[in-house]
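2 protein chains.
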Amino acid sequence: MDRMTETKRDTLEGLRKRLATVADLGSANALLAWDQQVYMPKGGVEGRAEGMATLSRLAHEHFVDPETGRLLDAARDLDPETEDGALVRRARRDYERSTRLPSRLVEEMTRAESLAEPAWVEARASSDFSLFAPHLEKILPLQREAAEALGYEDHPYDALLDGYEPGAKKARLEAMFEELKKGIVPMIRRISERGDDGRAAVLRGDFDEAAQEKFGEEVVTAFGYDWDRGRQDRTVHPFCINFGPNDVRITTRFDPEWLSPALFGTMHETGHALYEQGVDPRYARTPLSGGTSMGVHESQSRMWENLVGRSRGFWSHYYPKLQGTFPEPLRDVEPEQFYRAINAVSPSEIRVEADEVTYNLHILLRFELEVALIEGSLAVADLPEAWNAKMEEYLGITPGSYATGVLQDVHWSSGLFGYFPTYTIGNVLSVQFFEEAVKARPEIPEGIQRGEFSALLSWLRENIHRHGSRYLPDEIVERVTGRPLDTAPYLRYLETKFGELYEL
Amino acid sequence: MDRMTETKRDTLEGLRKRLATVADLGSANALLAWDQQVYMPKGGVEGRAEGMATLSRLAHEHFVDPETGRLLDAARDLDPETEDGALVRRARRDYERSTRLPSRLVEEMTRAESLAEPAWVEARASSDFSLFAPHLEKILPLQREAAEALGYEDHPYDALLDGYEPGAKKARLEAMFEELKKGIVPMIRRISERGDDGRAAVLRGDFDEAAQEKFGEEVVTAFGYDWDRGRQDRTVHPFCINFGPNDVRITTRFDPEWLSPALFGTMHETGHALYEQGVDPRYARTPLSGGTSMGVHESQSRMWENLVGRSRGFWSHYYPKLQGTFPEPLRDVEPEQFYRAINAVSPSEIRVEADEVTYNLHILLRFELEVALIEGSLAVADLPEAWNAKMEEYLGITPGSYATGVLQDVHWSSGLFGYFPTYTIGNVLSVQFFEEAVKARPEIPEGIQRGEFSALLSWLRENIHRHGSRYLPDEIVERVTGRPLDTAPYLRYLETKFGELYEL
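Protein chains in written order, with the numbering used here: chain A, 79 to 582; chain B, 79 to 582.
Please keep in mind that the hints were generated in silico from the structure rather than gathered at the bench. Hints may contain errors.
Any copy, or any two copies together, can satisfy a pair, since identical chains are not distinguished.
The calculated lysine-lysine pairs, modelled on DSSO-like cross-linking and capped at a C-alpha distance of 30 Å, are [unchecked claim]:
| hint | residue 1 | residue 2 |
| --- | --- | --- |
| 1 | LYS95 | LYS120 |
| 2 | LYS95 | LYS216 |
| 3 | LYS247 | LYS259 |
| 4 | LYS260 | LYS517 |
| 5 | LYS292 | LYS468 |
| 6 | LYS248 | LYS216 |
| 7 | LYS468 | LYS95 |
| 8 | LYS259 | LYS575 |
| 9 | LYS517 | LYS259 |
| 10 | LYS216 | LYS120 |
| 11 | LYS399 | LYS95 |
| 12 | LYS468 | LYS259 |
| 13 | LYS517 | LYS468 |
| 14 | LYS399 | LYS292 |
Chain A on its own, in the form it takes in the complex (with noise of 0.2 Å):
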């Protein structure tokens, strides 16, 4: 081995071993995360607040040391096509974000969020906006700082963007949206001319939580989910987070008298860990490990929430084994009554309980709202009456309260500004890859029939999971689908399903 080499080894051993002890202090603040939303005691809020700022901190000092820059530069003509050529762009990229932001603003963010997030619990919990509104107002200021420090060419809401979907633009995003309102508003409008049959009534009911639980886990045992590598816990906001790719763990909020939070949800999440347990564990403690975008980590949990969990050919298998588990509540209900219930279309006030087709709309007046909150253009204490008046505007309703209305999101009090765009591309993206998935391997939509998921997961592990953020989102897509991002499978996806469900 001539010495040129021995010396590129160096430094890409130097920078693993930088980047890993970043990655240790990132999976320990997201321990700490998890135990604040799922199990730590009311005391121990400010203690948390102040060690996690600590953690964030020294993770940021730790990555933007110039040392990490010299190794970045050094090893900076490596192919980007090759593994640790794909880690040091991706490296440099954090890298260059980072660096913009200074270690004081990040611990501020971090110590606001810390603060924030039981005040919103708590705003919540009584419906009261106030005690939520003082800990926006100091959050907003901080992330229009961090826009200014990251710098855009547009506008200071790509700055944000970037952080959750590298690549994607406000400009870019309008368009998309555009194309659904397109599609969508007029559907919306034709269901709702023919008025609430109230066909999703069956799923209210007296469900036992442990026997949902059960019914829960035996499903996403199913789908794949390795219990060794995970665990479920119960939240508020229901979550999933990881600490490397064998340890990825789900969270789940149980309604006793209403089948579907749990259900979904837990489907949903654990799409998202099947995403993080398939990484290729070589990339544990790098730049590489985890999910590419929030956009296309959302493409996987709405295609096991959605295209696998709310089809017909899932329920043909499950639905004689859930009416077992529920055998009084389920007892008058027909198979295609319950696959009708669960696919109801009907305009409401909360996102995470929303249908399909109306989804996109909670979406599109968030991601408004908050550029007007980052660009300033809507103040904190305008917020209620504006939310309320885009849901007026967009889906025809008043939220009952702010619990149900501006208050029902944890994301804002995350400092998530940038995030909630990254949902819509998820549905996009979730039928664009699912049809790729069938058309490569045509035995998808049989094995759903029979409760049997493995060709779906493997065909997903192959081309997207294990890859890890080893290619950028844009690159992932056009990889697996030969082209970008696309709005018309997802349309023609809606279109099909909900025009026959609903006669339109």
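Based on these hints, arrange chain B on the given structure of chain A.
Leaving out everything else, chain B in the frame of chain A:
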């Protein structure tokens, strides 16, 4: 304010900030450890080991940074009688210990222990010492290396001991054990001569786990455990752990066919937790937060477990409630019979289930074995044999298996050499402190008979808890009782209590 004072204030502030970062890393690592023992899936083992090693290394590096030394030097003339002075003194003590340990060694120890612990769990489950031996073979040389690096006057063991019980020495412990042996061995002989009358049998039966948990919660709530600043979870080997004074958690092991482990285990861990919850909150994120030593800590857990929880007075109030909780198994058990059962003396295999009289012989055995392992006069391969020989010699019994013998304790897998003797220090101090508490607040025993513990708790808060680590163990013992550690009250207590119980 003159310039001199201003500078000193800056120094202290700088020092506090550094120490807060170190404390935050320690708390994060404590949460990783808690999670590892209560909820982490199997797959997380390796990643967690890496993560904990990284956090330990960073905490160590941050603490031993020359800047810490410079700040400590600049603050060296502060009076240790003041709080700031006490903080500087304690930090300097820790600093001197830590600077002697190379980062590389700290990281290797953490990684080895993190891998050894799950191996120990498996070894114990299958009673297979060979699964654990290779891990112990890795841990021991690291411990020896640490002792050499830390330095000592008489024996390498002293260097390790000092980490748990600042100022303690092997030679002094040998003298303490000698005094105890003189009093205890004849007592056991006289009790054993009577033969086992099976008085403890009533504690076995069908004791519903959920009911055990509820009763335990009621008791420790009455003790004064603050659930807003703590929680209880299940684990294999119970422990108390905290992440600052406002998040102090206990863990419990439940046996559905045996009342003792959870009942007294919960009281025990709560004794630890009350100490931590009682530390002055201004000490949070400094080296003064947390109990001053393992021995003083154990004095608190043993006081609540034994002097309160195994007293006749306590059960005069609580036995009717316990009987109400478990009407079936306790139907024909009289209060006095129950009191005799929970204080039955009988040499047995398991330390954590040992009665108050035999307990210290379990410790003596471990103390002698670990001293021999550290000095190298005992090989790992010979440990099971040596364990069994000493069990025979001191307690007259042969362990039925490695699981209930040499593999029963978690400590060695966690690298806690020098920890065991602090259990006996705790037993001795528990009585020395309790006598003092009753002298100062003569209403304490009557309170206990009414299920009223505030007089005891407030005395402990005032005299011991709130000080955290402000005073060294010897100092707090001297301040509270006017003399050094003294085995006489403890032996007197045992003779009185068990003399009556066994009509000696």
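Each hint tested on the structure:
1. Proximity of LYS95 and LYS120 under a CA criterion of 30 Å is satisfied inter-copy only: 25 Å between copies versus 36 Å inside one chain copy.
2. For the homomeric pair LYS95 and LYS216, the shortest alpha-carbon distance between copies (24 Å) is at most 30 Å, but the shortest distance inside one copy (36 Å) is not.
3. For a Cα distance limit of 30 Å, the shortest separation of LYS247 from LYS259 inside one copy, 18 Å, qualifies, whereas the shortest one across copies, 77 Å, does not.
4. In this assembly of identical chains, LYS260 and LYS517 lie within 30 Å of each other by CA distance solely inside one copy; the values are 27 Å within and 83 Å between copies.
5. In the homo-oligomer, the alpha carbons of LYS292 and LYS468 never lie at most 30 Å apart, since the shortest distance is 39 Å inside one protomer and 49 Å across protomers.
6. Taking CA atoms no more than 30 Å apart as the test, LYS248 paired with LYS216 passes inside one copy only; the shortest distance there is 24 Å, against 56 Å between copies.
7. In this assembly of identical chains, LYS468 and LYS95 lie within 30 Å of each other by CA distance neither inside one copy nor across copies; the values are 49 Å within and 47 Å between.
8. Within a single copy, LYS259 and LYS575 get their C-alpha atoms as close as 17 Å, which meets the 30 Å cut-off; across copies the closest is 82 Å, which misses it.
9. For the homomeric pair LYS517 and LYS259, the shortest alpha-carbon distance inside one copy (28 Å) is at most 30 Å, but the shortest distance between copies (80 Å) is not.
10. For the identical chains of this complex, LYS216 and LYS120 are intra-copy neighbours only, at 22 Å inside a copy versus 40 Å across copies, given an alpha-carbon limit of 30 Å.
11. For the identical chains of this complex, LYS399 and LYS95 are neighbours neither inside a copy (49 Å) nor across copies (58 Å), given an alpha-carbon limit of 30 Å.
12. In this assembly of identical chains, the alpha carbons of LYS468 and LYS259 lie at most 30 Å apart only when taken from the same copy (14 Å versus 80 Å across copies).
13. In this homomeric assembly, LYS517 and LYS468 never come within 30 Å of each other (Cα to Cα): the closest approach is 39 Å inside a single copy and 71 Å across copies.
14. Taking the closest pair of Cα atoms, LYS399 and LYS292 come within 30 Å of each other only inside a single copy of the chain (11 Å); across copies the shortest separation is 35 Å, beyond that limit.
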